[in-house]
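S.K.: Knowing the structure of chain W, use the given hints to seat chain E on it.
Chain by chain, the residues run as shown.
2 protein chains.
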Amino acid sequence: MSSSLKESGPVRFASVYSEVQNSRLSHSLPLPSVLKNPFKIVEGPPSSAAGNPDEIAKLFPNVFGQPSSMLVPSDSAEQQSNRTLKIGVVLSGGQAPGGHNVISGIFDYLQDRAEGSTLYGFRGGPAGIMKCKYVELTAEFIYPYRNQGGFDMICSGRDKIETPEQFKQAEETALKLDLDGLVVIGGDDSNTNACLLAENFRAKNMKTQVLGCPKTIDGDLKCKEVPTSFGFDTACKIYAEMIGNVMIDARSTGKYYHFVRLMGRAASHITLECALQTHPNITIIGEEVAANKQTLKSVTDYITDVICKRAELGYNYGVILIPEGLIDFIPEVQQLISELNEILAHDVVDEDGQWKNKLRNQSQQLFEFLPEAIQEQLMLERDPHGNVQVAKIETEKMLIQMVETELEKRKQEGVYKAHFKGQSHFFGYEGRCGLPTNFDSTYCYALGYGAGALLHSGKTGLISSVGNLSAPVEEWTVGGTALTALMDVERRHGKFKPVIKKAMVELEGAPFRKFAGMRDEWALKNRYISPGPIQFIGPAANAINHTLLLELGAQA
Amino acid sequence: MSSSLKESGPVRFASVYSEVQNSRLSHSLPLPSVLKNPFKIVEGPPSSAAGNPDEIAKLFPNVFGQPSSMLVPSDSAEQQSNRTLKIGVVLSGGQAPGGHNVISGIFDYLQDRAEGSTLYGFRGGPAGIMKCKYVELTAEFIYPYRNQGGFDMICSGRDKIETPEQFKQAEETALKLDLDGLVVIGGDDSNTNACLLAENFRAKNMKTQVLGCPKTIDGDLKCKEVPTSFGFDTACKIYAEMIGNVMIDARSTGKYYHFVRLMGRAASHITLECALQTHPNITIIGEEVAANKQTLKSVTDYITDVICKRAELGYNYGVILIPEGLIDFIPEVQQLISELNEILAHDVVDEDGQWKNKLRNQSQQLFEFLPEAIQEQLMLERDPHGNVQVAKIETEKMLIQMVETELEKRKQEGVYKAHFKGQSHFFGYEGRCGLPTNFDSTYCYALGYGAGALLHSGKTGLISSVGNLSAPVEEWTVGGTALTALMDVERRHGKFKPVIKKAMVELEGAPFRKFAGMRDEWALKNRYISPGPIQFIGPAANAINHTLLLELGAQA
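Residue numbers (this note's numbering), protein chains in the order written: chain W, 876 to 1431; chain E, 876 to 1431.
The shape of chain W in the complex, shown without the other chains (with noise of 0.2 Å):
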């Protein structure tokens, strides 16, 4: 990977350019107004933790309970320190639209604050740091990627630091470099790890500081104090432009049921929300299938159901979305695997069949259940350790071949008479190295300028927080919340391990309600809305997302 890194500036840059990318480079990016002025940090009460505080308090004893800090306006004779900062930045894990911009934002708050300060990139993400492998971000470095799509300035991996031999590299990368601060751009796991770097570098009592920065286009870190990560209204907004004309494909075909599966394994934020963007026939939830304790057969039955009451309305057509992580939400769907795999490992399959009734009852129906191809796709894929590969289904096939069974078997009841086909998306790869909208854009810009600022101020163990997003940018907070405060413990291997938990869609929150509230009408009658490419130009460039415009309005 090195070589492309090599040329990634250079080339980025230049000729290769379209019209749109060069044209977003000139995009001004606003920052609130706090940090356009001489500003000083205030501080709540202490934190806590989301669960579990005394043992968040054990695992982190430097770093816990420390207070939110909040950026306000202050006299210039309370200015910041004027000490130069040597800086390292990082992207961990899979991109997000706006990484880009979060490193601008720190770049241009060390020029306009702390002139003299160096910013290094580490490169592949956490190994970079771990190998000490980085590059010196100049403003030239920096410049062909601003307001652009993907992570390649500096590149992003998956790697942990989680070792001791691990945490002994990243302690001598920084004091190698002399580190001050270290930024992590990064999701859930990433901001844990970030958060138990500041520990470590808190008790061997080293200078460098850690922040971490809300990255995810699955939405699902989140809390009060960081109400969206970044990346999230980007991709939504480029899934919803593909959903909207599917949606006008159906209708001028009259003859097609789309079946789009969205990104989000572990929560489905993307299709809430672009279920509120679009407004499509069906959509499912995965955190309502599982609190419902539904099965496969019984949203298949729902989606079945839907098709035959618009078959007598006249409509042999529709969309329906479908989080990618539907059946990991279906709990007899996790048994099932979960035998598959002890089974797999320890006898051998005849081709009888004669191997199934090992399995209980109900997972033995559930797997007779399923269309022959899934059946054949959860013996055959495994992955290196023997497992039956769940990621690998592709759970818009599978539904379509379930209803399509249900609806032939309607069909010889009687009470099915119509034509189904279905038609299987998946819109993901495209969506998350999009160009950043332009609320991606200025959101990423003041979390990496109010990182700076953190820093600066001497602040470690925090998360990049910017607030009152409903607002005009000006009107922005900006501040940094405990890390700690965000986790809570899981029990791994007998030890308590620290996690941030993943925000899941609220089945009482404003846009599950909406939504619920929606759902009937969008199913019968054909409510599709088309948005149109809106990442940042035209009529709605600059409006937010629904799913935080409904947060936040619940919130005030």
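These aren't lab readings, by the way, just hints derived from the structure by calculation. Take the hints with a grain of salt, since some may be wrong.
Pairs count within a copy or across copies, as identical chains cannot be separated in the list.
Straight-line alpha carbon distances no greater than 30 Å define the calculated DSS-like cross-link-like pairs of lysine-lysine that follow [what the hints assert, rightly or not]:
| hint | residue 1 | residue 2 |
| --- | --- | --- |
| 1 | K1097 | K1130 |
| 2 | K1035 | K1292 |
| 3 | K1272 | K1400 |
| 4 | K1272 | K1296 |
M.R.: Frame of chain W; chain E shown alone:
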């Protein structure tokens, strides 16, 4: 479908429009200057046919040989007739962005130049003509569809008017509605059908004139006088945005080869255009594969070679474009499939695979070369006639598996040491129903407005032709070309059948030559371009696509 159609007018309009859709409603449609002032029609020399003119002349005794018509400015003295018209319009075949604007153009012509005229929209494609299912199109009805994607104003269908009974039905409808003219908006087959209708009405001494309009996102309906089919521009720009995003993803992650299948079963224009817009590492053009009589193995080897060379440079990622119809271009695959159809129809397929000995040597080798999943698909998925369903094969997934196998072999041989991870994509439906680009919006409006003028001038058997497209809209030329001039004959069931030959990618044409001159550089260096959303807003909104620009440049 009828109840959905009943609702589509009012539902389309009103609150269910997104901001972008609304803003597009007021996007103004400039007309070529010849359409803004009094014009007259000048005719060229008599036309011939694309092939076998004698046979075409025999098939179309009444409309063969018509000169092309060109609108030119005129003194008001030589004005058009003042007669009012009764016109029908029909959308035929798959959707393409801009169809609604063709209808708007016809309507506005009638309003502007033939006051008191009536426009009927036949519902659900040619079946609407045969069954006399129509709606009278009013300003109010049409307005919500201006500059909008899809075909849902009157919907489309794939029926053909072929048998004597069907022609009779069409005649009855024409008589019942007292039609002066009919505009058929469709692809090659639909335009052939339009010409047969024109011929038939003339032969019966009926007054109904018939004109065609060039529609298909695949871009394979074009000739010198019809420089492009509408929808191609929009679809390519939408796909190119998605491809550009995936490129950024590839470069950011550094570990995926994205195999992108694009629409275009018969010709590879979309794939070529998207390549010119985005500069992928590998692009397969079906026409070249056919011309070079490539095998599936040689295509696989080509891809694998590039992957190996890139690995040596440290790039273990990339983007590969594949036309949907690739395997139709490979002679050996066609041979295998016809042999399989024969065997499956007449022989027993034994489990031991003895049946394979009935395949010819080369076919047997090819079959063994195919990934197991594809072998199974070929044997199991049959159409109602028992034939192998080639269209169901997901070419991009097949290629990923074949490349994997080949790379594994090379790893054993020690010539490849890296990791390969393929990701498959199909960009299709989300492109064909997008909001039309500025180009398609304007082009379609001119096609429709021009068709109105041609009908008003008494023309029949022509295809609406708008040219000089690289010039500003004011300078575009408007006229009609004899449909028979686009035709050749094919012998089917011992009879000559007229066909408009699909325009294939010309290996000597400017677009392909430009691509061929750059692909080696794109293969090894990363010259990715990420166009972003460019349908109609922003700096690139008015740019015409590369294919058209290069073809026009080559002609000039």
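S.K.: Would you mind marking each hint as holding or not holding in the structure?
M.R.: Now the hints, each set against the structure:
no. : hint            : result
1   : K1097 <-> K1130 : between (40 Å within a copy, 29 Å between copies)
2   : K1035 <-> K1292 : between (55 Å within a copy, 25 Å between copies)
3   : K1272 <-> K1400 : within (25 Å within a copy, 36 Å between copies)
4   : K1272 <-> K1296 : both (12 Å within a copy, 22 Å between copies)
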